[in-house]
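Got chain E; can you put chain B on it based on the hints?
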Amino acid sequence: MRTRRLDRRTVLRGAGVALALPFLDCMAEAKGTSAAPKRFCSFYFPYGVSLPDKDSEHAHWRWFPEGGERDFRFTKTLEVLEPLRNDILILEGLSHPQCRDMGAHDTADTFLTGSKLEGRFLRNTVSVDQVMAAAVGHHTRYPSLVLSTDGGVGEPSRASTLSFSENGHPIPALNSPRTVFNRLFGAGDGDLSRERRSLRSSASMLDRVVEHSKQVRRDLGAQDQAKLDEYLESVRQIEERVERSQAWLEIPRPELTDADREMLKLEADDQAPKDLMRTMYDLIYLAFRTDSTRVATYQIGSMGDFSSKAGKFPQLLGFAGTLHKLAHDWNKENGAEELGLWDRHMAGEFGAFLERLRSTPEGEGTLLDNTLAFYGSSNSQTHNNKNYPLILAGGRGMGLQPGRFLRFKEETPLSNLFVTALDRMEIPTQGFSDSSGEMSELYG
Amino acid sequence: MKLSFPSVVIALCLVAVPGGRAAEPAAFVGEVQPLLESYCYSCHGPALQLANLRLDDVPDDLVENRRAAEIWGNVLNKLRRGEMPPKGAPHPEAAERDQAIAVLRAAVERAAEQRRSTDGRTVLRRLNRTEYQRTMTDLLGYEMDYARDIPPDGMSRDGFHNNALSLRMTATQLEYYLEAARAAMERVIVTEPEPMEIFDRTFTATNLDQWLLREEQPAKNLISRTDAFLGHIDPCYPEEGRFVVTVTAGAELKPGKGPPIMQVSVGFRPDTEIMFRTAGTFELDSEEARTFTVTGYMENYPKPVRGQSKYPGLVVRVTNVYDDGTPKPKLQTREKENGKKESYYPEEPDYPKVRVDKVTFTGPIYDEYPPAHHKRILFESQLRESDETEYARQVLKRFMTRAWRRPPEDWAVESYVSFFRAQQEAFPVFEERIRETLAMVLISPEFLYLMEPDSQAKRPLDAWETASRLSYLLWSTMPDERLFALAESGELLEPDTLGAEVERMLGDERAWAFTDEFLGSWLYLDAMDRVAIHPEYYPGFNDNLKRQIREETRQFFMELLRHDLSAVNLIDSDFLMLNETMARHYGIEGVWGSAFRRVPLERTSPRGGLLTQASLLLGNSTGEDSHPIKRAVWVRKRLLDDPPPPPPANVPELDSESPEMAGLSVREQLRAHRKDAACASCHVDIDPWGVAFEHFDAIGQWRNEIRKLKPRPEPEAEGEGAEAKKKDKDKEPPPPEFDLLPVDTHETLPDGTEIAGVDDLRGYLLGKRRDDFARTIVTKLLAYSLGRSLELADEKEVDGLTARFVENDLKLRTLLEEVVKSDLFRTK
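Residue numbers (this note's numbering), protein chains in the order written: chain E, 4 to 447; chain B, 1193 to 2020.
Please note that the accuracy of each hint is not assured.
Quick look at which bits of chain E chain B covers, simulated, 3 or more residues with Cβ under 8 Å [to be verified]:
hint	stretch
1	197–205
2	212–220
3	231–243
The set of hints was computed from the structure by calculation and includes no laboratory data. All C-beta atoms, glycine included, are put in the ideal place defined by N, C-alpha and C.
Same shape as in the complex, but just chain E:
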């Protein structure tokens, strides 16, 4: 097949639209790998991991590897990642210093924001993925993809989403694979002229809704006004989204192969944790591969204790108890092993996702090389807000040097990693949350 080499500008002129286009492989050839999109995704699980003492009889279930920076040895937990050894960085010693004295079950909200929840309403601040979405989101149909098992926003300190908007409001996570799929790839009823008309109508409808709501607002008391402002802010955000959608309308949604469709289990719900988790990972993979978005977060479990749908996942998969129980019992007779087995299962699922990225060529490298995949928890073991178990995978094409085990001093803020991630995404930054600089160790 003959491919014509295009650069973005030609494409833009041809389409006559004033916006950037999805990344096409032929453009990469023209520009070299540096033109490949840069992506970030983050995965979170609650309550930390199994961390028996290094010299205890259960030391082989300790999450962190042993040994040095390059000659490290995985324990039984992470040995499932051995085939990916050269594509990951294991990070020890990091945490968000501001969040250390928070309630131990309160920190899930802060994983990607780094700030302590403050004030009467436990306000949060922007999460790093949303800073990225704001900067690179215009390249793709969706600025970001926000997923979780419980869906929605949860409540402050028990958020069921990892993502927080510019002003610290939680962004509701989608939790139905079917909904996510339809959003990314369409429900299959595309009639372009109808869609165009409907978007135009939306724009003028939303205008009027704002106008109307301002009138309504005048007659409300102060508390009600504050509540209605949430609504008004939402309307304004949709107005922006409608504008985006109008610009994207002429560009067809990506096609999927039969094999893609086969692998997705779109009807999976929380009763089928394995299918559900895999499908969520797969949807992120497909979203990246089709350049539908470059930023994704997925909260696999929230700190909602008994009220989280993910609590029973280990039980349903044949492990020794609920998430919360496994985490609490880490220092029991067989606790280190029981939790370790679960940690290992989770790492394996993450590994399968990385494998999929790695087996997809892009430019001169792979999809994984142009992706930062950040995986971990905001507890080391349950109730401990220090020394998060963390993996940063991929990023070779973005200047990272994976294949190492890095130990950090306790005072290093995790936000430094976010600063470096932003930098690697080519997003100018003045720092993030309580960062004290970049994390040059990641470059090797």
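Here is chain B on its own, set in the frame of chain E:
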């Protein structure tokens, strides 16, 4: 500290609200100061600040000062866990320490409550997911899954889903509201002429080729629980519109079993449950064939993707879902004559069967065209031809009155009319233009929120607002025609009318929403879905049983409400609401059929009230065994509104695996655990409450022995838990073996009351704690009715309601009427 600009603004707005919250009661610091001075300041005081902590100058404002709140919270935790003062340092007497803990805890909790305060007012709140779904359905008179993509709602601290502060609005949410509104309008308002092609199929036998069936499912008309009758319509079937399925069927009844239950569903992929949706369920109690009819809208049923599916066409399925409580037979394999293997389910000759004679499918059917839901909005009128704009104005005004649950003001109608006119060019067809305009009504704040405009001061609700509060309280949906009429005439504001309406509304089918939402949240029935039942302990447990278990509690509560019975029945009743499945579950004989009815209890029965209902026992279990702590916390939190303090951080769960615990029942483990003084201080007032239930296992059945699964010699586990187990699945595992431990339910409550089992617990709750129990119901009901958490300022009203509730013998419907007539309910 980072505070973004908008949050500062909002904070200021809230602070500026006059009316004032209750002043912080006398500074608590004074009360704990003697202890701090004697035991803490030497290390955390003016001279020395170990751990960078100085306690003598921490402010006592726990509401606005987050840092102070955290420090005092930490002091409380350290004291409770006995971590401070450190070993070797002088310690306070236990009494002195407990006193300080009590004072600090009260202060911390009070502050938390004040931080959440809304100054005793109900804040503008949006419809939650359930309310949105139900309101759309009633408003449009058309059933559809409107809320499918709407993200789940947050839950308030009291566990309710209708609290304004936890119901946020986000762009994603609103985007899906718009999408749902448009999809709805497209279906409700029709533009095409009446579709002519009507599909009509009759089946007298399963007509699906064997390859589409599960191989093991033989095609037949006599249906047991492992069979299905399938009628396959291919390739033409209606995509939209109402369909009707009639099934002519009779029963094959069996002695000692209830009548078979026939389920009719429509979908397309016979090898999965998901690709079907149930259209109707019928109990067949006679051998003689009768004809049963179900109907639905094709839009709401799973259909294959045309041209792409491996399972083309539509399938009507008839199954037998009667459940006799025994495990389903397992799939067997046998050799066929040609030497090939086939799998099959063994026959169950004694199982009641459904005999299907004939199945017909007809659709789409229009009783009238355009359909009623269309004409309800686009009513017939000459104006439509003579003055389109005026017609649109009237259509909008009618629709907005119902959607906004009050007559719209003229300026609002005009702004919608002007949108309608502005869309002329984009939507030249009238119906399309009006659809767009109506969709806009459905994303307006007046529709999505319960709008109660006010100035800064409290005021009585008007009649329209009262109608909405009432219907969302009892029905979780919009007012019906009668409530609207009573609002329009103003009669609804009269207390007698309100009382009568409560009675009428509880008699309506829609009142089940009150049971689901209020009772479900108060008792936290969802706990059932968070527990995975261990199949080796309970091989007969299945989804049907789980549904019936939950249904029992719904039915029971509704029976009390509708007959204005006493809440005493929640603790102890001489009857239960049971059907065959639940009666069998409880070992009660002679109840047949799936309908729930009153079943009187023997005097000797351990059952009665909520405490022994399987829903609660299961929800507060581990899925293998009872969970006395969860059960105890449940009783104290849900029935007495007196939850024990949460466990201090870093307390492990009971170590049931350790050598010294391994042979013990949970109850004995608890006893051992209480030998530890730090644990005992809280657990003496937790364990006894839960131990009383020890005769009831994880699924709520009576037991005289506690079963503990004997560990199996595991084959060397290669992979992770699940994988390793799966590999072994091909080999039939040996049957489980259990160790048996004795049941012991004797305990003593901290006030000296001896509790020998659930009966004693009932007596105690209805005796000494009767007023606490009454007050809990009042509190929970008020919080749900108002859509907000209660505050100090509400105490007086709670006192009054509780007193009258107790006077009225705890009659539940009477209480509901009192709440509805109360000033709190009728004030913005």
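Each hint tested on the structure:
Coverage of the stretch 197–205 of chain E by chain B holds in this model, with 5 residues showing a Cβ closer than 8 Å to a Cβ of that chain against a need of three. For the stretch 212–220 of chain E, the assignment as covered by chain B holds, since 6 residues bring a beta-carbon within under 8 Å of that chain's beta-carbons and 3 suffice. Counting residues of the stretch 231–243 of chain E whose CB falls under 8 Å from any CB of chain B gives 9; the rule of at least 3 is met.
Hint compliance for this structure: no hint is broken.
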